[in-house]
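> Sequence:
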Amino acid sequence: MPGGSTTIARIGHILRWSRVSRGQGSRVYVIGTAGHVDHGKSALVQALSGIDPDRWAEEKARGLTIDLGFAWCELPSGRAVSIVDVPGHERFIKNMLAGVGGINLALLVIAADEGVMPQTREHLDILDLLDIDRGLVALTKSDLVDEEWLALVEEEIADLLDGTTLAGSGIAPVSALSGQGIDELRALIDAEIDALPPISNHGRPRMPIDRSFSISGFGAVVTGTLRDGGLSVGDAVVIEPGRIECRVRGLQSHEQTMETAPPGARTAVNLSGVSASELERGMVLTSPGWLEPTTAVDVRLRAVKRSTRALPHNATRTLHVGADEVQARVRLLEGDSLASGQPTWAQLRLERPLAAARGDHFVLRSADATIAGGRIVDTRPRRHHRNDASTLDALQRLLDGSADDTLLTVLQRMEPARWQDVRSRSELADDDALDACRRQMENGAIVVLDEGGLTDSTVLMTDAGLGAMRASAERHVVDYVKEFPLRAGLPREDLRSRLNLPQRAFAVVQQQLVESRVLVDNGGSLDVPGRTVALSADQSGQVERLLERLRAQGVRPETDGEVDTELLEYLEAQRLVVRLKSGVTLDRAIYEGMVSETRQLLEAQERATLADVRDRLGTSRKIAQAFLEHLDTIRVTRRVGDARVLRVG
Numbered sequence: 001m002p003g004g005s006t007t008i009a010r011i012g013h014i015l016r017w018s019r020v021s022r023g024q025g026s027r028v029y030v031i032g033t034a035g036h037v038d039h040g041k042s043a044l045v046q047a048l049s050g051i052d053p054d055r056w057a058e059e060k061a062r063g064l065t066i067d068l069g070f071a072w073c074e075l076p077s078g079r080a081v082s083i084v085d086v087p088g089h090e091r092f093i094k095n096m097l098a099g100v101g102g103i104n105l106a107l108l109v110i111a112a113d114e115g116v117m118p119q120t121r122e123h124l125d126i127l128d129l130l131d132i133d134r135g136l137v138a139l140t141k142s143d144l145v146d147e148e149w150l151a152l153v154e155e156e157i158a159d160l161l162d163g164t165t166l167a168g169s170g171i172a173p174v175s176a177l178s179g180q181g182i183d184e185l186r187a188l189i190d191a192e193i194d195a196l197p198p199i200s201n202h203g204r205p206r207m208p209i210d211r212s213f214s215i216s217g218f219g220a221v222v223t224g225t226l227r228d229g230g231l232s233v234g235d236a237v238v239i240e241p242g243r244i245e246c247r248v249r250g251l252q253s254h255e256q257t258m259e260t261a262p263p264g265a266r267t268a269v270n271l272s273g274v275s276a277s278e279l280e281r282g283m284v285l286t287s288p289g290w291l292e293p294t295t296a297v298d299v300r301l302r303a304v305k306r307s308t309r310a311l312p313h314n315a316t317r318t319l320h321v322g323a324d325e326v327q328a329r330v331r332l333l334e335g336d337s338l339a340s341g342q343p344t345w346a347q348l349r350l351e352r353p354l355a356a357a358r359g360d361h362f363v364l365r366s367a368d369a370t371i372a373g374g375r376i377v378d379t380r381p382r383r384h385h386r387n388d389a390s391t392l393d394a395l396q397r398l399l400d401g402s403a404d405d406t407l408l409t410v411l412q413r414m415e416p417a418r419w420q421d422v423r424s425r426s427e428l429a430d431d432d433a434l435d436a437c438r439r440q441m442e443n444g445a446i447v448v449l450d451e452g453g454l455t456d457s458t459v460l461m462t463d464a465g466l467g468a469m470r471a472s473a474e475r476h477v478v479d480y481v482k483e484f485p486l487r488a489g490l491p492r493e494d495l496r497s498r499l500n501l502p503q504r505a506f507a508v509v510q511q512q513l514v515e516s517r518v519l520v521d522n523g524g525s526l527d528v529p530g531r532t533v534a535l536s537a538d539q540s541g542q543v544e545r546l547l548e549r550l551r552a553q554g555v556r557p558e559t560d561g562e563v564d565t566e567l568l569e570y571l572e573a574q575r576l577v578v579r580l581k582s583g584v585t586l587d588r589a590i591y592e593g594m595v596s597e598t599r600q601l602l603e604a605q606e607r608a609t610l611a612d613v614r615d616r617l618g619t620s621r622k623i624a625q626a627f628l629e630h631l632d633t634i635r636v637t638r639r640v641g642d643a644r645v646l647r648v649g
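One point on numbering: in the numbering used here, the residue at position 519 of the sequence shown is 519, and numbering is uninterrupted.
Worth flagging that the hints you see were computed from the coordinates, not collected in a lab.
Each pair of labels, with its calculated beta carbon distance range:
no. : residue 1 : residue 2 : range
1   : 507       : 641       : 41 to 47 Å
2   : 198       : 497       : 49 to 55 Å
3   : 382       : 552       : 57 to 63 Å
EDC-like cross-link-like pairs, simulated, lysine to aspartate or glutamate; straight-line CA separation at most 20 Å:
no. : residue 1 : residue 2
4   : 305       : 334
5   : 482       : 566
6   : 305       : 156
7   : 482       : 538
8   : 482       : 493
9   : 581       : 629
10  : 305       : 162
11  : 581       : 566
12  : 622       : 597
13  : 622       : 558
14  : 305       : 159
15  : 305       : 131
16  : 305       : 133
17  : 482       : 564
18  : 482       : 521
19  : 482       : 494
20  : 581       : 558
The beta carbon of each residue, even a glycine, is placed where N, CA and C say it ideally should be.
Using the sequences plus the hints, can you model the full thing?
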């Protein structure tokens, strides 16, 4: 990081493990600054909180925020809020993006003496793309301009916000230097936070890591904004990507030691079982067993309105999610390019694994500009055909459907699937997923392919998917018997393999097809009802001549290389011949006589060599070897060294 190592005093300011928590409520919120360089963001944060958010010597020397800064303040209501201060310079946009993703309320800082500037616009574009819809504008340095100028700047700001998620946000003239308007700004922040919805708690805590460091005597510490669930001391956690397993040793927020950190809190987590050298910004701390890093995501994508360049299909851009960034190839699923302000569907192919969840917002940047952003709708997608209506419809349901729609769509994409896999991939809260599944089971939209209740290993399909699978099975059987009309049907295991079904799912499909008389079960095969296997006149003649030849040749038949394989399989199914390896076919009666002779030989002398069997049967070495290997396979004999013995039992 710039400015050298963090001082011990500063670390103590960041994290005082010895202090006792006064407790935190469940409504914990984070404010994030945004705005052009040198518009007074850090000075405003210090005026609100009394904490200087510039942490590094280089920041102090240059008077320029380079990396994220952190503070907190108490509002008139008595609630404490966290503040993330982001750099405004265009060279440090990636650091700004690492901090702004977890905020609840945006504080757009604009200097009254300069008005709207380039990074004002880009930061606002980012807030808009991240769907941050609650915010205020702090009009800093307002003591440096007159009322007329101030009114003009406020009008310019209102026009700038129009058409964005922050349209209509309040504007508060302030001066960090004189303190003018600071109390009024605190009151406005309090009122805005009152209007925010409660922080979501899905029971799956995760924290994008924006800082990691080590404290002597305590070990690894990571910080970030906790979301989707709380953390408690002693919890087992995992760091992704990398599946680094560790445990929560201590928790702190706002310099207060805590036993439990609620979702929404800016949190410092002391970890055991991991070294700080293994951790870096962009990783995600979470509960085990649900967040699986991915190298592809399906997204709803929207280009920045002020962009002057279209985004072409298959372009490579930098993807920012949470505190992470990774190169991504943008595969547009409709159209060949994305014009400014336009939405579309896309699949992003990533150069390395990313730990992200469905619903996460993101930003795409080129080397010098923010170009697009949106929301992740699937973290484990298949590769899609472009401009496919069914794919786009499924993505739309994932984006804005109910829990029931989400669960059904996820199941449709992976069926048949175990309940634990469907629940995990839906990324719904466990209770919401279970309720949705039960509702859809009751109305018949989801079919259970196991007996008993709904457990993690229960295999599920949608009713529509099961119907499609039955139709596919029927087509496979019909096509097979057309191609091989002399066979008794398509072998069951062959059909299961073609359908790519696990045993339990296949058993249900087969049972339904047989019970509805769509197919008939011929023992080891499935066939079309009413179909009879009949030989043509020419085939009947071939069969008669072949059987006569085999009977005449006895135990020394010629190889069957020139005989129609289909006819041989038909004769074997009719139990008229037996086929051995090496192209040897025996008349059934002759074969049974050979088996009887071999049994008698082994009963008489217990062990027999290949030569013994050859001589007893009066056949050739080649046929005797193929015959004995066949007896081994059907478990009549067992090879012991160079001899054979009868298999017992």
